[in-house]
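Engineer: Now for the letters of each chain:
4 protein chains.
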Amino acid sequence: MTAIGVGLIGTGYMGKCHALAWTSVKAVFGDGPAVRLAHLSEVTPELAAQRAAEFGFARSGSDWRALIADPAVEVVSITTPNQFHAEMAVAALEAGKHVWCEKPMATSLADAERMAAAARASGRVAVLGYNYIQNPMVRQIGALLAGGRIGRVNHVRVEMDEDFMADASTAFGWKSDKGSGHGALDDFGVHPVSLLHTLLGPIARVFCHQAKPYAARPLAAGGMRAVETHDIAAILFELESGASGVMALNRSAWGRKGRIALQIFGDTGSILFDQERFNELQVFVADGPNETRGFTNILAAPVHAPYDRFIPAAGHSLGFNDLKVIECHELLARIAGSEARVIDFDTGLAIERTIEAMARSSRDERWVGVSP
Amino acid sequence: MTAIGVGLIGTGYMGKCHALAWTSVKAVFGDGPAVRLAHLSEVTPELAAQRAAEFGFARSGSDWRALIADPAVEVVSITTPNQFHAEMAVAALEAGKHVWCEKPMATSLADAERMAAAARASGRVAVLGYNYIQNPMVRQIGALLAGGRIGRVNHVRVEMDEDFMADASTAFGWKSDKGSGHGALDDFGVHPVSLLHTLLGPIARVFCHQAKPYAARPLAAGGMRAVETHDIAAILFELESGASGVMALNRSAWGRKGRIALQIFGDTGSILFDQERFNELQVFVADGPNETRGFTNILAAPVHAPYDRFIPAAGHSLGFNDLKVIECHELLARIAGSEARVIDFDTGLAIERTIEAMARSSRDERWVGVSP
Amino acid sequence: MTAIGVGLIGTGYMGKCHALAWTSVKAVFGDGPAVRLAHLSEVTPELAAQRAAEFGFARSGSDWRALIADPAVEVVSITTPNQFHAEMAVAALEAGKHVWCEKPMATSLADAERMAAAARASGRVAVLGYNYIQNPMVRQIGALLAGGRIGRVNHVRVEMDEDFMADASTAFGWKSDKGSGHGALDDFGVHPVSLLHTLLGPIARVFCHQAKPYAARPLAAGGMRAVETHDIAAILFELESGASGVMALNRSAWGRKGRIALQIFGDTGSILFDQERFNELQVFVADGPNETRGFTNILAAPVHAPYDRFIPAAGHSLGFNDLKVIECHELLARIAGSEARVIDFDTGLAIERTIEAMARSSRDERWVGVSP
Amino acid sequence: MTAIGVGLIGTGYMGKCHALAWTSVKAVFGDGPAVRLAHLSEVTPELAAQRAAEFGFARSGSDWRALIADPAVEVVSITTPNQFHAEMAVAALEAGKHVWCEKPMATSLADAERMAAAARASGRVAVLGYNYIQNPMVRQIGALLAGGRIGRVNHVRVEMDEDFMADASTAFGWKSDKGSGHGALDDFGVHPVSLLHTLLGPIARVFCHQAKPYAARPLAAGGMRAVETHDIAAILFELESGASGVMALNRSAWGRKGRIALQIFGDTGSILFDQERFNELQVFVADGPNETRGFTNILAAPVHAPYDRFIPAAGHSLGFNDLKVIECHELLARIAGSEARVIDFDTGLAIERTIEAMARSSRDERWVGVSP
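Residue numbers (the UniProt record's numbering), protein chains in the order written: chain A, 1 to 372; chain B, 1 to 372; chain C, 1 to 372; chain D, 1 to 372.
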């Protein structure tokens with residue numbers, strides 16, 4: 001199998017995460033093509049060269065179009081700020097490259113639609129970086145659901161909370177500017193929706209309410225400026241399956257750092273999960289004698305594939321960056337034409353439409369259907 | 001101080017809980033009047049006599065009007081099924097007795113209004129059995145909020161879940177009949193609302209959605225009958241204070257037994273609480289060095305009054321029935337004319353109106369204000 | 001059934017706990033004799049009278065011998081400081097009274113032997129106040145063990161930790177004086193040993209090491225005084241069953257409030273328990289598919305008798321004082337000639353001998369057998 | 001900075017872990033030399049070639065002496081079975097290579113001494129793979145201790161438990177053969193001792209007891225064979241600092257997967273840690289008002305260096321393999337002549353001597369001093 005050539009645009013939080021995934025994927029999984037780190041792009045040639053040296057890329061530069069044009073590049077990691085995703089992804093697909101683009105997909109529904117169309121037209125693989133769905137414990141939830149372990153799901157709750165906007169004294173920044181989007185709704189919402197999509201299918205209709213913990217924030221220059229985005233959002237919803245649900249998002253939740261808490265209630269049992277302890281999973285099943293029933297806490301172990309590719313011993317914990325390696329492996333499998341667990345651009349568009357329906361519901365104060 | 005004469009109507013779950021509270025309150029607290037167990041009423045004279053022997057009441061019978069008329073009775077515990085609350089409470093108040101009535105207050109808003117009016121007219125003490133607010137750890141939450149420990153509260157979430165309706169094979173019973181009320185909304189809703197009222201003040205407006213995990217349930221005689229109540233309810237709300245909130249109620253949540261989970265987010269910290277571990281409390285405060293910040297788990301201790309009246313050692317745990325003893329003590333304080341932490345009939349009516357607004361919102365699919 | 005007459009000596013921490021148990025036991029359980037609160041004894045007549053009023057005792061005084069001689073008293077609760085247990089218990093038994101004596105049994109092995117002999121000679125019921133064994137969840141552990149749920153037990157660990165001696169600045173007090181005993185060894189040791197005895201049978205041999213976190217403590221008058229007791233003890237042991245074990249005791253463990261943590265390892269599973277969350281229990285059983293194995297957290301529920309006598313709903317939590325009510329009920333059952341779960345004076349003596357063997361081992365730095 | 005040439009001997013559990021660390025270290029940390037994967041050795045040339053392709057090594061073969069002799073190799077990762085460590089490490093050091101050898105150091109004290117002597121003679125860096133000490137939360141414990149946050153440490157408890165030997169039906173294997181060592185004592189003991197060494201300094205004396213949960217195990221050919229090693233060990237100890245301690249090890253503890261539980265008690269606070277949730281840490285400090293004291297649960301975050309090199313967001317969790325990357329970075333720092341957090345061969349020898357003292361104590365049933 002010949003090596004696959006990789007181009008990386010952006011080297012921030014997610015760019016580094018992609019670089020680490022590309023570096024490790026072959027060593028972790030053993031199968032698939034070797035990875036050739038071909039071309040890295042950053043805002044300046046100097047930074048690009050520095051990162052290329054750190055990450056081991058053969059070539060670097062500040063022109064992302066040159067990267068896309070580079071014949072040594074077969075797949076492009078796009079990890080730049082969200083507003084650039086559409087232009088880069090469309091260009092890469094049109095140049096015949098596979099694309100691995102970070103979420104959220106785009107900053108407008110129109111852009112997301114354009115990306116999905118480009119992907120369809122290209123015949124190339126176009127995948128979004130929803131790494132939480134790659135967690136072996138999330139896969140295990142999927143296996144439990146598919147196996148009917150808790151029966152038909154009738155209700156679900158999901159919360160996503162962090163505290164990076166919790167400090168009232170933080171100066172007004174771009175996240176409080178309406179140009180950045182709705183706030184928690186698109187910043188966080190896509191993650192729970194991606195999990196719901198993967199585990200329980202699409203959302204049919206939504207009712208959303210948004211809130212601002214702080215009406216205004218201080219300006220660096222003195223004075224205050226009214227906040228235009230909502231750090232808090234709450235959504236009632238119904239899945240196409242008929243199950244009802246509640247979603248709560250808060251990026252100003254003091255003390256929460258990476259909480260994505262799922263509660264799935266079925267006819268014969270329940271499943272609980274929290275991303276802050278993502279190597280664990282709790283399952284209650286209504287069978288056996290009453291006196292020994294309870295939530296069972298399952299620790300991630302080699303039996304939960306592909307945990308075994310990382311560590312042969314149970315209870316030793318995968319890390320957040322490992323999830324990106326799994327995602328990278330799924331992307332390579334899809335490129336090789338195999339079944340793979342990925343959020344492609346069509347599903348990504350469905351997720352964006354769901355968020356958009358939430359925003360519309362919040363504005364109109366009514367239930368809004370998610371158009372397919 | 002002369003002893004106070006107690007009448008008890010009903011000896012089921014809450015009736016026994018009242019009996020235990022009346023029996024222990026003087027021994028636990030040391031202060032206040034001695035308690036004279038004067039008169040007990042049950043559906044048959046035989047059952048009444050048996051329970052009177054067990055609980056130590058001097059007199060018994062099946063005529064609750066005789067109990068109310070009994071001059072030996074100064075305060076009446078009403079613990080019968082909800083549909084009898086109004087008639088009994090009004091009669092007792094009109095007879096000049098103090099009333100301690102179990103929640104929910106009544107089965108219609110009209111009844112609740114009648115009860116509140118009777119209480120106002122009587123000049124007697126009329127209190128509802130919202131025992132969760134009596135938990136020393138809930139009081140501690142109140143003290144933390146009052147002391148500004150987490151700043152102004154900007155968002156709150158509360159869940160209440162049990163699983164007594166979770167089994168799909170359970171035969172159709174009165175809780176699935178619309179005569180019993182809305183379902184989880186009034187069965188559970190009053191508890192979170194009472195906690196919010198006590199800790200954070202009244203709710204201003206609500207948006208509610210109700211759901212049925214099972215469309216129909218089996219009849220004992222064979223066949224199925226359509227379920228008329230909703231075992232699941234979810235509510236978006238705004239407090240009068242301006243804080244936004246989410247409430248989720250589920251009486252068919254497999255594995256949940258007595259969960260009432262509170263998450264209170266403030267400008268400078270957060271507070272977490274779960275009734276299933278009600279001797280604990282978690283507090284995050286955004287001060288001190290970042291590397292040692294986190295949620296602090298506080299164990300109930302003598303320093304959290306009136307835990308000290310029960311146990312002089314920390315971390316030894318109060319029980320559910322102890323909360324009723326505290327409530328009984330507050331009732332006696334109120335009767336003695338002191339400040340007391342109780343939900344009186346006026347506040348109880350406000351709680352009922354809040355639930356009613358939720359029901360209306362669910363029916364009309366719109367935000368509904370809670371009329372004061 | 002005629003009422004049983006109760007005498008109570010002492011009204012401190014445990015005295016009040018006994019009083020509450022005597023007050024509630026009939027109302028909680030419904031069966032057994034009514035309880036007549038006959039006679040209360042305290043150090044002064046005034047305090048005795050005050051407590052008698054609070055607790056509802058008919059007679060009071062400062063002469064415990066008068067209480068024992070009182071024909072209205074059939075059973076005597078002894079809750080005085082430990083050094084008085086022997087004299088009072090022996091006198092009560094010789095007067096033909098049943099005895100309910102708080103642990104630890106006595107302050108010397110000779111006293112404990114005298115008490116056990118008096119109990120045997122009297123033909124009366126003589127029981128010690130080891131209330132932790134009465135917890136329904138501890139009973140559930142016993143049921144799981146008896147049912148072979150985790151196979152033969154091969155190893156056990158038990159820790160007991162509080163922090164009442166943790167503050168180095170606390171003045172030298174009687175607990176640091178060798179007159180009070182060994183320290184954590186007898187202060188705490190009897191509790192884990194009583195649990196082991198009840199659940200897993202007697203200890204065969206021990207190796208013990210004691211430690212002092214603080215060599216000296218401040219005197220109120222200024223200066224320091226060398227500490228003579230050991231706030232920390234650690235014991236390796238073997239049960240008569242052949243299982244090995246580790247016990248760790250620390251009364252200067254900052255942050256621990258009522259921790260008694262059990263870990264029981266068997267051939268086919270494990271059981272975990274912690275008294276700080278004594279309404280819970282964790283069980284791991286090595287069966288079923290590997291991917292869903294884990295520790296199951298069981299919440300106390302009516303199915304765990306006699307929880308149902310207190311609360312008909314699961315997950316609502318018993319309290320520490322409720323355990324004493326259960327113990328009181330077991331005592332009454334034993335008095336009535338029924339099977340009962342109690343630590344009688346013979347077993348209490350065996351527990352004291354085990355502690356004594358630990359002390360000897362610590363002194364001699366060798367394994368010491370527990371003489372039966 | 002010129003790249004450093006790496007040789008890897010062994011590609012099992014730890015071999016792959018080393019390979020991943022070498023692959024990622026430069027990309028994660030950005031600093032230090034680039035890494036050249038020069039030479040990989042396995043038991044057969046075929047397996048060596050396969051792994052070299054997967055891991056990206058330039059050269060491969062089955063002759064580890066050729067690897068050591070390879071001038072392209074500057075540092076040698078030794079991850080073979082323990083009995084080969086000594087010969088390989090000594091040879092590598094004598095050839096002037098730096099050595100990164102997996103723990104435990106060797107299978108005999110004589111071998112360990114030979115290795116330490118070779119390291120000293122060589123002037124090269126020789127480091128053992130004790131990766132648990134590299135956890136940012138373990139470093140944070142160290143920082144808290146150094147900063148006096150819990151005062152002088154007076155008592156410590158540490159447990160290490162897994163369940164790979166828990167199944168009684170597992171056939172007799174090499175881990176039950178005395179040729180493999182003592183059992184849990186050396187299999188597990190080195191890890192807690194390495195943590196104690198790093199955080200609290202050397203152990204002064206020990207008393208140890210070993211136990212066998214199963215006297216015999218089935219032979220594949222039928223019949224049973226007596227087990228010669230101890231799956232359980234318990235150790236009482238004193239640190240050179242004067243603190244007392246308890247260590248409990250169990251490799252047949254059903255349900256435990258990667259538990260290394262630390263409890264550190266100091267004069268003014270306590271610290272708790274469990275490797276099964278190694279991105280968390282609990283700290284109790286005895287200051288501030290009593291009503292808000294408790295254990296604070298700290299989530300790993302960028303503020304806990306070098307977590308920030310992996311993930312810029314708090315609460316997103318490092319994984320087990322990430323700890324090896326940190327260790328690799330420390331090794332490179334040491335090679336570059338900087339301060340580094342490593343267990344070198346001298347400290348490794350001290351750890352082995354501590355284990356040996358435990359074994360001797362167990363055999364002689366007496367306290368044994370750890371010779372420096």
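Among these hints, one or two may not hold up.
For chains that are exact copies, the list does not tell them apart, and a pair is met inside one copy or across any two.
No more than 20 Å apart at the CA atoms, straight line, and that leaves these computed lysine to any residue pairs for SDA-like [as the list claims (entries may be wrong)]:
hint	residue 1	residue 2
1	K178	A53
2	K175	A313
3	K175	E291
4	K212	G223
5	K212	E238
6	K178	R59
7	K212	L239
8	K178	T107
9	K212	D177
10	K212	R152
11	K212	G242
12	K175	P312
13	K178	R152
14	K212	G151
Calculated from the structure, these hints are not laboratory results. Only a predicted model underlies this, so the values are computations on that prediction, with no experimental measurement involved.
Engineer: Checking K178 and R152: alpha-carbon separation at most 20 Å within a copy, between copies, both or neither?
Structural biologist: neither (40 Å within a copy, 25 Å between copies)
Engineer: Is it within, between, both or neither when you check K178 against A53 at 20 Å Cα-Cα?
Structural biologist: Answer is neither: 37 Å inside a copy and 50 Å across each miss the 20 Å cutoff.
Engineer: For K175 vs E291, is the C-alpha pair at or below 20 Å within one copy, between two copies, both, or neither?
Structural biologist: neither (50 Å within a copy, 25 Å between copies)
Engineer: Since the copies are identical, ignore which copy is meant and state whether K212 and G242 lie within 20 Å (CA to CA) inside a copy, between copies, both or neither.
Structural biologist: between (31 Å within a copy, 10 Å between copies)
Engineer: Between the shortest in-copy and the shortest cross-copy C-alpha distance, which are at most 20 Å for K212 and L239: within, between, both, or neither?
Structural biologist: Result: close only across copies, 14 Å inter versus 27 Å intra.
Engineer: When no copy is specified for K212 and D177, does a C-alpha distance of 20 Å or less occur within a copy, between copies, both, or neither?
Structural biologist: within (13 Å within a copy, 40 Å between copies)
Engineer: Under a CA distance limit of 20 Å, which applies to K212 and E238: within one copy, between copies, both, or neither?
Structural biologist: between (25 Å within a copy, 12 Å between copies)
Engineer: Should K212 paired with G151 be assigned to within, between, both, or neither, using CA atoms and 20 Å as the limit?
Structural biologist: between (38 Å within a copy, 15 Å between copies)
Engineer: Which holds for K178 with R59 at a C-alpha limit of 20 Å: within a copy, between copies, both or neither?
Structural biologist: Classified as neither: same-chain Cα gap 37 Å, cross-chain 56 Å, threshold 20 Å.
Engineer: Give the relationship of K212 and R152 under a CA distance limit of 20 Å: within one copy only, between copies only, both, or neither.
Structural biologist: between (36 Å within a copy, 13 Å between copies)
Engineer: With 20 Å as the alpha-carbon cut-off, assign the pair K178 and T107 to within, between, both or neither.
Structural biologist: Result: close within a single copy only, 11 Å intra versus 47 Å inter.
Engineer: Treating 20 Å as the Cα threshold, decide for K175 and P312: within, between, both or neither.
Structural biologist: Between copies, since 17 Å is at most 20 Å while 42 Å is not.
In summary, the numbered hints that this structure violates are 1, 3, 6 and 13.
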